[in-house]
Amino acid sequence: MNGIHDVGGMDGFALPVRDPDEPVFKYEWEALVFGANAAFDGPWPVDQRRFAVESMPPDQYVSTPYFGRWLWRLEKLLVEDGLVTEEELTNPNGPMGSVPDFQPYRAEEIDPAIPPRFRVGDDVIVKNEHPAGHTRVPRYIRGRRGTIYLDHGVYGLPDNIARGLDPRPQHCYAVMFSASELWGTRANPRDRIYADLWDDYLEVVP
Amino acid sequence: MVEDKVSRREFLAKTSLAASTAVAGAATGQVGAQEPEEYAQSDYSVRAKALVSVLTRKSLIDPAELDEVIEFYETRVGPHIGASLVARSWVDPAFRERLLSDANAAATELGVERRRDLVAVANTPQVHNLVVCSLCSCYPWFILGLPPTWYKDAGYRARAVIDPRGVLKEFGTELEEVVEVRVWDSTAEVRYLVVPERPQGTEGMTEQQLQGIVTRDSMIGAEKLAPPV
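One line per chain: the protein sequences are A and B, in this order.
So that you can map any letter, position 39 of the first sequence is 39 in this note's numbering, and since no number is skipped, the others follow by simple counting.
So that you can map any letter, position 202 of the second sequence is 408 in this note's numbering, and since no number is skipped, the others follow by simple counting.
Among the hints, erroneous ones may be present.
[Claimed, not checked] No more than 25 Å apart at the CA atoms, straight line, and that leaves these computed lysine to aspartate or glutamate pairs for DMTMM-like:
| # | chain 1 | residue 1 | chain 2 | residue 2 |
| --- | --- | --- | --- | --- |
| 1 | A | Lys26 | B | Glu376 |
| 2 | B | Lys264 | A | Glu87 |
| 3 | B | Lys264 | A | Asp59 |
| 4 | A | Lys127 | A | Asp6 |
| 5 | B | Lys375 | A | Glu22 |
| 6 | B | Lys358 | B | Glu395 |
| 7 | A | Lys76 | A | Asp59 |
| 8 | A | Lys76 | B | Glu376 |
[To be verified] Sample of chain A residues at the chain B side, in silico, Cβ under 10 Å:
| # | residue |
| --- | --- |
| 9 | Arg136 |
| 10 | Pro158 |
| 11 | Asn160 |
[What the hints assert, rightly or not] Some chain B residues close to chain A (C-beta under 10 Å, calculated; not the full set):
| # | residue |
| --- | --- |
| 12 | Ala246 |
| 13 | Pro269 |
| 14 | Phe301 |
| 15 | Ser340 |
| 16 | Thr355 |
| 17 | Tyr357 |
| 18 | Ala366 |
These aren't lab readings, by the way, just hints derived from the structure by calculation.
Every residue, glycine too, gets a C-beta built ideally from N, C-alpha and C.
So here's chain A without its partners, still in its complex pose (with noise of 0.2 Å):
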């Protein structure tokens, strides 16, 4: 989706402070978080929490810190597919329902042996797609050129997966984009971006 999660060459945010001294998580309830959200085995793969993250509206993403969003996303998952309530979130310690059966997600078996449309030194041309739901093409290099430049093997589509579909495995690469071709003069000529980019998100140059 075209959400506010795809900052790549927005102006206008500030650039963080680095500290290298910083604590792993700054409050206990970031540690909770991150602890709850990996202690439970739920039924979601990762582009499918990825996706809800992105259906945050931009201003309370913008709005909120990291754990904050990770809290949001395992409420409104675990809300949505019935496994806790509402009420319960906000009385904790009130009469607690009964949990719907649910299958923990697991990943299905790749074929390593799916051959790739594409060979190292390819060019190529991203697709202009702009899906309503979970991509893992970033808005500014839609309809760029680059280069095949690693195939990193077999992996299945976040696209599908993250819809509950067949995951269609397919090769992703490494595509190496010149800076100029992504962002003009403004680049210097001399750099690369590298995105990670599956068999589906890519044509044949013309």
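Position chain B against the provided structure of chain A, taking the given hints into account.
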């Protein structure tokens, strides 16, 4: 660590009570006297405690497992693992070649428990690599631990892809015009490790000493390593 663990168990034991008290406080406006930042933190804290309490009461999580996973990421996984790969690559040219051509095999060789596919890219006097996840926060947890706040921040994610030289300059590293910058946007399930240049003045150091000078941020490409003082 033992003390931390005990305090977290106590914290969890008090979770339900604390959550209900805080919710009641919010309802009667008692929390309103706090500063805005504290207020926000207390809101997240109330919700996080309520969530853990509900998941525990409904047997959807095991509190001991929650403890374990927090402790694992707080104490056992961290940049020291990535640093062991980098230091080995500095003292063993054959290992460096293996790391750069097949980082998965090289990491396994050093006993790293690999949870994702890994690619290692080397900084040289001619090339500087920088890693980002413009869409979320993908990061090589299994060799660097959880990502720092700055890496997850929209400001870094937005600017790293369009103005890496400006970002690096504000971070304290000014690159010469002739250096090629390579930005790796982690948009899939592969994770990237930057192998920083070995600083001058480290010729006499042991592999273990070298591990100690490799910083987390240098393995993301956000800084160069300075010669040891």
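Does Asn160(A) pass the interface check with chain B, least Cβ-Cβ distance below 10 Å? Given a least distance of 14 Å, the restraint on Asn160(A) is violated.
Double-check Ala366(B) for me: the hint is only fine if its C-beta lies closer than 10 Å to a C-beta in chain A. holds, 8 Å
Would the stated hint for Arg136(A) survive a check requiring a Cβ distance to chain B of less than 10 Å? Given a least distance of 5 Å, the restraint on Arg136(A) holds.
Does Ala246(B) meet its interface restraint, that is, does its C-beta lie within less than 10 Å of any C-beta in chain A? Interface hint status for Ala246(B): holds (8 Å vs cutoff 10 Å).
Under the criterion that the straight-line Cα-Cα distance not exceed 25 Å, is the pair Lys375(B), Glu22(A) satisfied? Measuring from Cα to Cα gives roughly 21 Å; hence the hint holds.
Does Glu395(B) sit within 25 Å of Lys358(B), going by the straight-line distance between their CA atoms? holds, 17 Å
Per-residue hint verdict: Tyr357(B), partner chain A, C-beta under 10 Å: holds, 9 Å
Holds or violated: Lys76(A) with Asp59(A), Cα cutoff 25 Å? The hint holds at about 17 Å.
Given hint Asp59(A) paired with Lys264(B) - CA-CA distance at most 25 Å: Given that 25 Å is the threshold and the Cα spacing comes to 33 Å, the pair is violated.
Given a cut of 10 Å on the nearest C-beta pair, is the interface hint for Pro158(A) held or broken against chain B? holds, 8 Å
Can you confirm whether the C-alpha distance between Lys26(A) and Glu376(B) stays at or below 25 Å? holds, 24 Å
The hint names Pro269(B) as touching chain A; please verify it with the least Cβ-Cβ distance against 10 Å. holds, 8 Å
Checked against the numbered hints given earlier, this structure breaks hints 3, 8, 11, 14; the rest are met.
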